[in-house]
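*Asks:* What follows is each chain in one-letter form.
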Amino acid sequence: MSTLDEFQSAFASDILAPHLSTISVHKQAAMNVYRNTIMGGLIDALAANYPTVVKLVGAEWFEAAASEYTRTQPPENPVLATYGTSFPAFLAKFPPALDLPYLSEVAEIDRLWMESYCAADAPVLPASILQGISGDQLMSTRLQLHPATRSGAFKHSAVTIWLHNHQDQASELSVDGSDEDALISRVQGNVLVTWLCLIEFRFLMEVQSGKTLGEAAMTALSINPEFPLAVTLSKLISAGCFTENAIAR
Amino acid sequence: MPSLTAGLGFKPEHFNDALSCSAAGMWYEIHAENYMVAGGNRIAMLDALSDRYPISVHGVGLSLASADEPDSSHLQKLKQVVEHSRAFIVSEHLAWNRRKEAHFPDLLPFPRTNESLDAVARNIDIAQNVLQRKLLIENPSLYLSLETHEWSETDFLTELTRRTGCGLLVDINNIYVSTHNVSGDAFDYLDQLPVDAIGEIHLAGHIREAHEGVEILIDNHGAPICEDVWNLYQYLIKRIGPRPTLIERDNVLPTFAELLSERDHAATLIMRSKEQLHVHVG
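Sequences listed follow chains A and B, in order. Position one of the first sequence corresponds to residue 1 (this note's numbering), numbered consecutively onward. Position one of the second sequence corresponds to residue 250 (this note's numbering), numbered consecutively onward.
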């Protein structure tokens with residue numbers, strides 16, 4: 001190992017150590033500046049990527065959790081927009097969060113929000129696509145998800161909690177802790193989180209897997225004979241869910 | 250390209266003001282890593298900005314002073330940002346921040362030895378070969394005294410310019426902070442820099458903090474530029490002539506108008522130094 005390598009190895013260990021080993025006062029002061037800058041920078045980056053978690057638990061609680069996370073899982077690259085993808089999983093096992101079971105689920109929505117925000121651009125399938133198209137043509141159409149589209153199934157009323165915290169409502173929220181589904185999509189750069197009912201979510205999964213709209217509708221109808229295809233399709237399209245690229249018929 | 254004077258570090262919070270700014274000689278600098286994303290609003294803002302103003306790309310993550318070579322995938326991403334924004338300047342730091350698989354969001358010190366010089370020169374060569382252009386290398390803010398230096402910072406930087414053909418980005422606040430925290434005289438430091446290699450100047454603010462009873466200046470980019478730094482800046486451009494000069498502010502963000510007034514002050518000093526230069530030449 002070269003001396004530069006040795007120096008950097010020792011320095012990195014000091015940065016990530018819970019407490020500094022005893023060194024001279026001047027060195028200790030300097031090392032504290034580096035440690036504060038790095039830990040502060042990482043906690044800020046994590047807070048920027050998980051704003052709803054910060055809102056729910058407050059800055060102090062978040063900082064304590066983030067300090068532990070950043071020390072054990074520092075970023076693997078300098079692009080901080082992608083830092084902390086394992087933070088939701090960390091929260092699920094973080095002992096102080098055990099009585100907040102919805103927290104890691106809400107964090108996962110924040111994570112998908114950030115993924116959607118930074119995803120590649122592509123032309124969005126416009127609502128007008130449904131006009132002037134015959135029923136048969138529509139049923140045999142396969143739609144492709146926009147690169148910024150994400151979806152997920154969440155526990156503990158996480159979607160309702162996430163949406164409530166983004167509407168800046170002062171009102172009390174009462175939740176029943178049920179399973180919920182959400183669509184995360186992007187319209188003109190703005191990321192939208194949309195509550196989906198189970199049948200809409202199942203329909204979207206079918207479309208995503210490459211089924212025609214007719215096949216996806218059949219699956220949905222087999223679960224609920226009153227599945228409203230036109231309404232669901234219109235809801236998904238207006239949320240920017242699909243791309244105009246590669247529409248296969 | 251029209252003659253560029255002073256620019257501002259671009260903050261998305263100021264997007265609308267930044268895009269409608271009509272100051273003569275204006276340009277913006279971006280942190281490369283914030284635009285290493287596939288698409289969305291960040292890229293849309295960069296596109297709009299680079300359509301109207303010259304862009305300088307300032308990297309913070311290449312870790313040129315690592316014992317290891319630069320991360321090739323990161324270097325490719327940097328190249329994409331540089332090409333996408335049609336950058337007129339590309340800069341990085343004389344510092345390291347990557348250790349194996351861990352990245353630290355800071356600019357860390359190292360002993361300036363012959364061995365480090367070889368490593369940094371090699372890394373700058375690699376980066377310049379991939380980017381196919383000259384890099385400007387910025388002097389870091391220092392907090393830690395090391396007894397193992399074999400080179401002064403100015404000699405080290407000068408030698409790097411000689412070996413690799415890189416240029417220098419002189420951060421005057423960093424010189425002010427480092428000479429206070431470690432040792433040396435800021436005016437002497439400026440006198441020792443190789444004039445022709447200097448391609449850009451940074452100006453920023455700092456704060457004073459006490460750590461373990463020791464007063465340390467922290468380069469936090471979160472305060473107005475202090476009078477001493479302005480004086481050092483005037484001293485430098487009087488010696489070397491005008492250079493594109495950036496007002497850096499990343500924290501405790503004031504209004505765009507406040508930043509613009511600092512920027513206009515720098516632009517005025519640049520114009521004055523040009524006039525003085527003409528008087529000398531004439």
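There could be a bad hint or two in this list.
Stated by the list, open to error - Partial list, computed: chain A residues near chain B (C-beta under 7 Å):
#1 Asp5
#2 Ala10
#3 Gly41
#4 Thr72
#5 Pro78
#6 Val79
#7 Asp121
What the hints assert, rightly or not - Derived lysine to aspartate or glutamate pairs resembling DMTMM-like cross-links, with alpha carbons at most 25 Å apart:
#8 Lys55/A x Asp44/A
#9 Lys260/B x Asp5/A
#10 Lys328/B x Glu215/A
#11 Lys383/B x Glu396/B
#12 Lys55/A x Asp499/B
#13 Lys328/B x Glu76/A
#14 Lys349/B x Asp121/A
#15 Lys55/A x Glu497/B
For the record, the hints were derived by calculation from the structure and aren't laboratory data. This structure is a prediction, so every number in the text was calculated from the model and none was measured. Positions of the beta carbon are idealized from the N, C-alpha and C atoms, including for glycine.
*Asks:* Please go over all the hints and tell whether each is borne out by the structure.
*Replies:* We went through each hint and held it up to the structure:
With its C-beta approaching chain B no nearer than about 4 Å, Asp5/A sits inside the 7 Å limit, and its interface hint holds. At a threshold of 7 Å, the smallest CB-CB gap from Ala10/A to chain B is about 10 Å, leaving the interface hint violated. Checking Gly41/A against chain B by beta carbon gives a least distance of about 4 Å; that is within 7 Å, so the hint holds. Among the interface hints, the one on Thr72/A is violated; its C-beta lies about 11 Å from the nearest C-beta in chain B, farther than the 7 Å criterion.
Contact between Pro78/A and chain B, as hinted, is supported at the beta carbon level, the nearest pair being about 3 Å apart and thus within 7 Å. A distance limit of 7 Å between C-beta atoms decides the matter here; for Val79/A the minimum to chain B is near 5 Å, and the interface restraint holds. Restraint check, Asp121/A versus chain B: the minimum CB separation of about 4 Å is within 7 Å; hint holds. Proposed proximity of Lys55/A and Asp44/A is supported: the alpha carbons are some 14 Å apart, at most 25 Å.
At most 25 Å may separate the alpha-carbon atoms for a hinted pair to count; Lys260/B and Asp5/A exceed this at roughly 35 Å. A hinted pair counts as satisfied when its Cα atoms are at most 25 Å apart, and Lys328/B with Glu215/A does not qualify at roughly 45 Å. Note on Lys383/B and Glu396/B: the hinted pairing is violated, with a Cα-Cα distance of about 32 Å set against a maximum of 25 Å. For the proposed pair Lys55/A and Asp499/B, the alpha carbon gap of about 23 Å is at most 25 Å, so the pair holds.
As the CA atoms of Lys328/B and Glu76/A are separated by approximately 19 Å, the hinted pair is consistent with the 25 Å bound. Simply put, Lys349/B and Asp121/A have alpha-carbon atoms about 32 Å apart, too far for the 25 Å limit, and the pair is violated. Taken as a hint, the Lys55/A and Glu497/B pair is broken in the structure, with Cα atoms around 30 Å apart against an allowance of 25 Å.
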